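Participant: Each chain, written out:
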Amino acid sequence: MDLILEGIRQAFFLITTLDPEVLGITLLSLKISGTATLISLFIGVSTGTVVALTRFPGRRLLVSLINTGMGLPPVVVGLFVTIFLWRNGPLGFLEILYTPTAIIVAQTIIATPIVTGISLAAMQQLPHNLRLQILALGANRIQMIWILIREARLPLLAAVMAGFGGVISEVGASIMVGGNIKGYSRVLTTATVMESSRGNFDIAIALSVILLLLAYIINLILTQIQQRERPR
Amino acid sequence: MKIRTFFVYLIGMILAISLAASASPVFAASGKQKNIILATTTSTQDSGLLDVLIPIFEKKTGYFVKTIAVGSGQAMAMGQKGEADVLLVHSPDAELKFVAEGNGINRRLVMHNDFIIVGPADDPVTVKMSKSVKEGFKKISLGSALFLSRGDNSGTHAKEKAIWKSVGINPEGQRWYQQTGLGMGQTLNVASEKRAYTLADRGTYLALKKNLGLDILLAGDALLLNVYHVIEVNAAKWPKVNAPGAKAFSDFMVSRQTQKIIGSFGVDKYGSPLFFPDAGKNEENLGK
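Top to bottom, those sequences are chains G and Z.
Residues in the first sequence are numbered from 15 upward in steps of one, following my numbering.
Residues in the second sequence are numbered from 1116 upward in steps of one, following my numbering.
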């Protein structure tokens, strides 16, 4: 119990004194996971929308694959991304293994199915007649899609939260493709693993508290946006 | 929307991603061969030694070191595939094989410390009374206490397997023998929680001691010597290896200044050094 209190005290100390190393790690985590979420949003929402609104052979198979992908284990992604990015691997010429970019790639692969799956469900839940109505009012196809996305924005925000929550808390892929290099590719989760294996449990707890706070603040902001829009 | 729409979308998506990828500055090749990938054991990172040495090296040479802390076995596997430039490892038998197979060159002695047998302070099977490591291992194998193995092909795991072999016992599958598959630090934590015996390197043990309920029960046997070598990955075999960078790091590790830092590392915190510098010495004479 003392250890936990000491960890929380340490977290408070590290935050209030703006410890440069912890600050750097925190900002890097935000940057990496934020970028990955943004890219996955771009791919996921559009893919989700298209799959929700079209009918084509193999669609059910695709949807089931997306839904499976929502539970893609980060270590599996980490392993495959590592193998692809090896110097002598198929994408070795990019020279991005053990860089923050590699972590962004891995996290994007983890977040995209999550965002896609939730967007797909969100768009499919819109009443079917809405589309006909919008078209009947003279909107072109792009305008229609835009209106539909706006209509589904609340569940889409949930997709953002789920995607971001999935990647900021992920450790398996980050440590494999990023290498946990000090001051370069060390993020909150990998630093926590390392500090606990070094026996610095107080710092590990402090980093966990910062991670939780960060996830909470981001979700608080998103929830605020989501709930504000409700009464209309 | 029809099938056509879906395919138009797919192609557009692929184009957009590849455009974004090529425009993004992070994908541009980062400075020609300024990076060195150092594959090393967990003990050099968990003890904090590399946190001291790497910044000095980077400042001196301008190289950027990517330290990947894994077990010695995995480090050598990376070297074998040309995925690392230089190794700092402590698994002598496997190292000799690694060099003999043409994977590495210029294997040089850097430092040593020793392995220790740690376990619960009350020492249920009286390992402490043993006259030798072999006797201690035999006592543990009688089965009334738990022994934790790293089980990860690390240097420590290789040493432990060699000791079991020397006493003619195969611990695999025994009820009293468990493998964690984790690094040294985590394995020590597990051993502490389970009140188990384990083999550890002294550096990691000392660094973690404050949180552990484990005592040193056996040490000082010649069999327990723990020797670290630096090996450059053979660039003739893997052209992408950063050979000048690897050589610079290897030279740095055996340089007089670095050796001095290694010898004094940990003295202020633990009262005794964690590693003993050995560059240029004959390995045969170590620990005598």
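Hints in this document: simulated from the structure, not taken from any laboratory.
Note that the structure is predicted; figures quoted are calculated from it, not measured.
Some hints here could point you the wrong way.
[As the list claims (entries may be wrong)] Think about it this way: if two alpha-carbon atoms lie no more than 25 Å apart in a straight line, the pair counts; the simulated DMTMM-like pairs of lysine to aspartate or glutamate are:
#, chain 1, residue 1, chain 2, residue 2
1, Z, K1384, G, E165
2, Z, K1384, G, E209
3, Z, K1325, G, E165
4, Z, K1325, G, D16
5, G, K45, G, E35
6, Z, K1253, G, E35
7, Z, K1254, Z, D1336
[Said to hold, decoys possible] Label pairs and their computed distance ranges (CB to CB):
#, chain 1, residue 1, chain 2, residue 2, range
8, G, F98, Z, A1394, 34 to 42 Å
9, G, D33, Z, G1177, 21 to 29 Å
10, G, I235, Z, P1239, 52 to 60 Å
11, G, G85, Z, R1371, 52 to 60 Å
Built from N, CA and C at the ideal position, the CB exists for glycine as well.
Participant: Give me the numbers of the hints this structure contradicts, sorted from smallest to largest.
Facilitator: Numbers 1, 3 and 6, in rising order.
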